[in-house]
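Let the sequences and hints guide you as you build the complete structure.
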Amino acid sequence: MKVTLLGTGSPIPDPNRGGPCTLVQAGQQHIMIDCGRAAIMRLLGAGVLPGMVSTILITHLHSDHITDLNDLVTTRWVMMPVNIPLKVVGPVGTRQVVDAMLTMLTLDQG
1 MKVTLLGTGS PIPDPNRGGP CTLVQAGQQH IMIDCGRAAI MRLLGAGVLP GMVSTILITH
61 LHSDHITDLN DLVTTRWVMM PVNIPLKVVG PVGTRQVVDA MLTMLTLDQG
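Mapping to the working numbering: the sequence shown position 103 is 103, numbers consecutive.
Among the hints, a few may not be true.
Distance condition first, Cα-Cα at most 25 Å in a straight line; then the derived DMTMM-like pairs of lysine to aspartate or glutamate [said to hold, decoys possible]: (1) 87 / 64; (2) 87 / 99; (3) 87 / 71; (4) 2 / 108; (5) 2 / 99; (6) 87 / 108.
I should point out that these hints are in silico values taken from the structure, not numbers from a laboratory.
Laid out in structure tokens, this is it:
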């Protein structure tokens, strides 16, 4: 198992620190914990394509922990046809946040 801190920053933008995001790699499984600012760029820097991520665990629904969730979803659509479904798990309210995000991204799907 390999754990990579992709971002440890706060809600205040910092050019040297991405927002909260941790990558856990176990065999062929790639799991992200939170998806803060710059998570996708840092994920690519770690050598993992967005389509390789199978699960995102959201610790809580503050915006600094989910800022790049929509970027992860759209990048998966744009970069490659993804056969790995993306499972998003989190606290109460996560389904509403994800559903609202997908509604917002409807125009990007076509």
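Taking the numbered hints from earlier one at a time, note which ones the structure violates and give those numbers from smallest to largest.
-> Per hint list: 4, 5 violated.
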